[in-house]
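What follows is the residue order along each chain.
Number of protein chains: 2
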Amino acid sequence: MAKEPLPVPTFDTPKAAIARLSLYLRQLEALERDGQSTVASKQLGRLLGLSDAQVRKDLAHFGQFGYPGVGYRVGELQAVLRGLLGLNRPWRAALVGVGNLGRALIGYQGFRERGFHIVALFDRDANLVGRKVGGFAVEPLERMAERVRAESVELCVLAVPADAAQQAADAAVAAGVVGILNFAPVALRLPERVSVVSVDLGLQLEQLVFQVNQRRPTKRSQSAG
Amino acid sequence: MAKEPLPVPTFDTPKAAIARLSLYLRQLEALERDGQSTVASKQLGRLLGLSDAQVRKDLAHFGQFGYPGVGYRVGELQAVLRGLLGLNRPWRAALVGVGNLGRALIGYQGFRERGFHIVALFDRDANLVGRKVGGFAVEPLERMAERVRAESVELCVLAVPADAAQQAADAAVAAGVVGILNFAPVALRLPERVSVVSVDLGLQLEQLVFQVNQRRPTKRSQSAG
Numbered sequence: 427m428a429k430e431p432l433p434v435p436t437f438d439t440p441k442a443a444i445a446r447l448s449l450y451l452r453q454l455e456a457l458e459r460d461g462q463s464t465v466a467s468k469q470l471g472r473l474l475g476l477s478d479a480q481v482r483k484d485l486a487h488f489g490q491f492g493y494p495g496v497g498y499r500v501g502e503l504q505a506v507l508r509g510l511l512g513l514n515r516p517w518r519a520a521l522v523g524v525g526n527l528g529r530a531l532i533g534y535q536g537f538r539e540r541g542f543h544i545v546a547l548f549d550r551d552a553n554l555v556g557r558k559v560g561g562f563a564v565e566p567l568e569r570m571a572e573r574v575r576a577e578s579v580e581l582c583v584l585a586v587p588a589d590a591a592q593q594a595a596d597a598a599v600a601a602g603v604v605g606i607l608n609f610a611p612v613a614l615r616l617p618e619r620v621s622v623v624s625v626d627l628g629l630q631l632e633q634l635v636f637q638v639n640q641r642r643p644t645k646r647s648q649s650a651g
Numbered sequence: 427m428a429k430e431p432l433p434v435p436t437f438d439t440p441k442a443a444i445a446r447l448s449l450y451l452r453q454l455e456a457l458e459r460d461g462q463s464t465v466a467s468k469q470l471g472r473l474l475g476l477s478d479a480q481v482r483k484d485l486a487h488f489g490q491f492g493y494p495g496v497g498y499r500v501g502e503l504q505a506v507l508r509g510l511l512g513l514n515r516p517w518r519a520a521l522v523g524v525g526n527l528g529r530a531l532i533g534y535q536g537f538r539e540r541g542f543h544i545v546a547l548f549d550r551d552a553n554l555v556g557r558k559v560g561g562f563a564v565e566p567l568e569r570m571a572e573r574v575r576a577e578s579v580e581l582c583v584l585a586v587p588a589d590a591a592q593q594a595a596d597a598a599v600a601a602g603v604v605g606i607l608n609f610a611p612v613a614l615r616l617p618e619r620v621s622v623v624s625v626d627l628g629l630q631l632e633q634l635v636f637q638v639n640q641r642r643p644t645k646r647s648q649s650a651g
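Residue numbers (my numbering), protein chains in the order written: chain A, 427 to 651; chain B, 427 to 651.
The hints are simulated quantities; they were obtained by calculation from the structure and are not laboratory data. Possibly wrong hints are sitting among the right ones.
Unchecked claim - Away from chain B, derived, C-beta distances all over 12 angstroms, residues of chain A:
(1) G492
(2) E502
(3) A505
(4) R508
(5) W517
(6) Y534
(7) D551
(8) G556
(9) V564
(10) P566
(11) A571
(12) A576
(13) E580
(14) E618
(15) V620
(16) Q637
What the hints assert, rightly or not - Residues on chain A that point at chain B, a partial pick, calculated with CB under 8 angstroms:
(17) N514
(18) A530
(19) H543
(20) R557
(21) K558
(22) G605
Note that the structure is a prediction, hence the values are computed from the model and not measured. Every residue, glycine too, gets a C-beta built ideally from N, C-alpha and C.
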């Protein structure tokens, strides 16, 4: 799978195109499950609500993957996208914040399936420290640097309340993690070398409500009262 | 705020532009916190990694909001976007699945802040039914239709395991919800009239890993072994 070196994407690649790589990959996986071995940019775009020109442009940022008269080979393009997205190897993550959200994330199948493994748990709550959750003992934030090194952890999943987020992020950065998945509804101040993706679940609900409104622009006034 | 009728967006509006409305809104909120009252499409785009042409095109789907020589008025455009996104009124939601993830979502501040209120809880686990969580008693799926009507619930937040998702979604649809926020890693079969947004946390981690890889394209090989 994708043995050849992949083109290294540059910082000039638009964020939106990067976000779409994950969507292309999921759609290709669905096509493969349906037994389809090639796909035209037009079909791929239609399935994702994009123009075929947009699909070709997005993928062209990373190389030349289409075949004239054939389109993209589903298996091959999947391997390319997995390589680009860093999914061709496992990633080890520490979880900070072992509350309800943290516990849900420890058991989240979608992480393991993609090669993301939570291998260390931290919490500032002394009552939680020492307890076992999902097979791992919860440790104090003070041990993070030592444990991140020992466990070859690169990523941190931050599932703490807003008021604890910056302190936890600072601890993770000091411990040497290079990427943070942030669930706290707060903008983190981080050094340039550390990447962050913030998960905003309110944003997802907004998107849902937009769709709901679109599908019944008139019904609301009819059913009022 | 936004008293005038807003243009009704059509189904032709690209999904990606709709997704960006939420991002524009968040950026405008940040600008307002910083005391900025107007913003040019160029600045708004730069802050979000988009071209100014893209910003103007996205917003032009919904109307004419810019002022020559001024740009957009931060407060006014916020009100427009809130209206478009359906954030100018509260939304009532039922939560199905009162496990760790469900409990985390009940307490999720980002929902309430945006006007999304979870007002009813359901679970298929008889051991959970009757227990109080976050002020609400957990009820069996069988009571969903009755409760959705009584509580004027329009949305359903689905926080159940993959194998329980379709059954729970069917119950929610039968009960009359018109939108589902789905956390289960499974594609739901739903009638055309029901909207769905699926939250894929693995996808967010992929985006993080992509960024991490980008920031140190050569370091990995140096530190190997």
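Hints, one by one, checked against the model:
No beta-carbon of chain B is positioned within 12 angstroms of the beta-carbon of G492 (chain A); the least distance is around 21 angstroms. No beta-carbon of chain B comes within 12 angstroms of the beta-carbon of E502 (chain A); the shortest separation is about 19 angstroms. The claim that A505 (chain A) is not at the interface with chain B holds, since no C-beta of that chain comes within 12 angstroms of its own (minimum 15 angstroms). The Cβ of R508 (chain A) sits about 9 angstroms from the closest Cβ of chain B, inside the 12 angstroms cut-off, so the non-interface label is violated.
Remark: the non-interface label on W517 (chain A) conflicts with the geometry, its nearest Cβ contact in chain B lying 6 angstroms away (cut-off 12 angstroms). Distance check for Y534 (chain A) against chain B: the nearest CB is about 6 angstroms away, which does not clear 12 angstroms, and the non-interface claim fails. The Cβ of D551 (chain A) sits about 16 angstroms from the closest Cβ of chain B, beyond the 12 angstroms cut-off, so the non-interface label holds. The Cβ of G556 (chain A) lies farther than 12 angstroms from every Cβ of chain B, with a closest approach of about 20 angstroms, so its non-interface assignment holds.
The claim that V564 (chain A) is not at the interface with chain B holds, since no C-beta of that chain comes within 12 angstroms of its own (minimum 15 angstroms). Residue-level check passed: P566 (chain A) sits 22 angstroms from the nearest beta carbon of chain B, beyond 12 angstroms. Taking the minimum C-beta to C-beta distance to chain B, about 17 angstroms, the non-interface status of A571 (chain A) holds against the 12 angstroms cut. Every C-beta of chain B lies more than 12 angstroms from that of A576 (chain A), the closest at about 16 angstroms, which supports listing it as non-interface.
Listed as outside the interface, E580 (chain A) is inconsistent with that label: its C-beta sits roughly 7 angstroms from the nearest C-beta of chain B, within the 12 angstroms cut-off. Look at E618 (chain A): its CB is around 8 angstroms from the nearest CB on chain B, not clear of 12 angstroms, so calling it non-interface is violated. Listed as a non-interface residue, V620 (chain A) fails to keep its Cβ farther than 12 angstroms from every Cβ of chain B; the least gap is roughly 8 angstroms. The Cβ of Q637 (chain A) does not lie farther than 12 angstroms from every Cβ of chain B; its closest approach is about 4 angstroms, which violates its non-interface assignment.
Given hint, N514 (chain A) at the interface with chain B, is violated; its Cβ is 10 angstroms from that chain's nearest Cβ, farther than 8 angstroms. The beta carbon of A530 (chain A) comes within 4 angstroms of a beta carbon in chain B, closer than 8 angstroms, and the hint placing it at the interface holds. A hinted interface residue such as H543 (chain A) counts as satisfied when its beta carbon comes closer than 8 angstroms to some beta carbon of chain B; here the least separation is about 11 angstroms, so the hint is violated. Because the beta carbon of R557 (chain A) sits about 14 angstroms from the nearest beta carbon in chain B, more than 8 angstroms, this interface hint is broken.
With a cut of 8 angstroms, the hint placing K558 (chain A) at the interface with chain B is violated, because the nearest CB-to-CB distance is about 15 angstroms. Because the smallest distance between the Cβ of G605 (chain A) and any Cβ of chain B comes to about 4 angstroms, under 8 angstroms, the interface hint for this residue holds.
In terms of the numbered hints stated before, the structure departs from hints 4, 5, 6, 13, 14, 15, 16, 17, 19, 20, 21, listed from lowest to highest.
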